[in-house]
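With UniProt numbering, the residue at position 173 of the sequence shown is 173, and numbering never jumps.
Note that these hints are calculated values from the structure, not bench results.
Once the Cα atoms are required to be at most 20 Å apart in a straight line, the calculated PhoX-like pairs of lysine-lysine come out as:
id, residue 1, residue 2
1, K47, K6
2, K118, K80
3, K89, K6
4, K89, K4
5, K80, K122
6, K89, K47
7, K167, K89
8, K6, K167
9, K47, K80
10, K167, K4
11, K89, K122
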Amino acid sequence: MENKPKFAFVGNSHMAFWALNVYFPQWECFNYGAPGGGLFYVESFDKDTSDCQVVIQFGTNDIYQLNEENMDDYVERYVKAVLAIPSLKTFLFCIFPRNDYDDYSTAVNRFIRILNQKIQLKLAGTDIVYLDVFDQLLSDGRLNPEMTIDDLHLNGRGYSILSDTLKQAVRESNESSL
Numbered sequence: 001m002e003n004k005p006k007f008a009f010v011g012n013s014h015m016a017f018w019a020l021n022v023y024f025p026q027w028e029c030f031n032y033g034a035p036g037g038g039l040f041y042v043e044s045f046d047k048d049t050s051d052c053q054v055v056i057q058f059g060t061n062d063i064y065q066l067n068e069e070n071m072d073d074y075v076e077r078y079v080k081a082v083l084a085i086p087s088l089k090t091f092l093f094c095i096f097p098r099n100d101y102d103d104y105s106t107a108v109n110r111f112i113r114i115l116n117q118k119i120q121l122k123l124a125g126t127d128i129v130y131l132d133v134f135d136q137l138l139s140d141g142r143l144n145p146e147m148t149i150d151d152l153h154l155n156g157r158g159y160s161i162l163s164d165t166l167k168q169a170v171r172e173s174n175e176s177s178l
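All chains, please: the whole structure from these sequences, using the hints.
Okay, structure coming up:
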């Protein structure tokens, strides 16, 4: 029997609701996504994923506790939490855009963009593969409604973007390690 590569998916509902067996039949997938999960969930993550490649995405559930004053501390904790998860290789998706309820403002996504830039800078010099799909999920400064089932959670079209991006990154990562 062929050994399938092992992948562990860690994070919030975007991970939990991803139909991994549909998008990645060639991989053995472990879904540790937790709806509502955020930094505290990732900081307390205690599964042994050292024999897996790990895919992480979280942050959207933490946004409303953040502001310019505590952003840098959050980025420190965020990156530390990601680095603490044992893996053969780690792939980190950016924090996804979101839509504020009953508000067509784009302020939250401008804030998330800055947060993502700070996280990406903090990751420089690490082995983490950063997957930036932010602009692909955005339309007119907001999470593209054509990518969601409810203006927050992704639909098949949104997950296809994530899946294609991840597959390409894994391919490139494997080629560079040959």
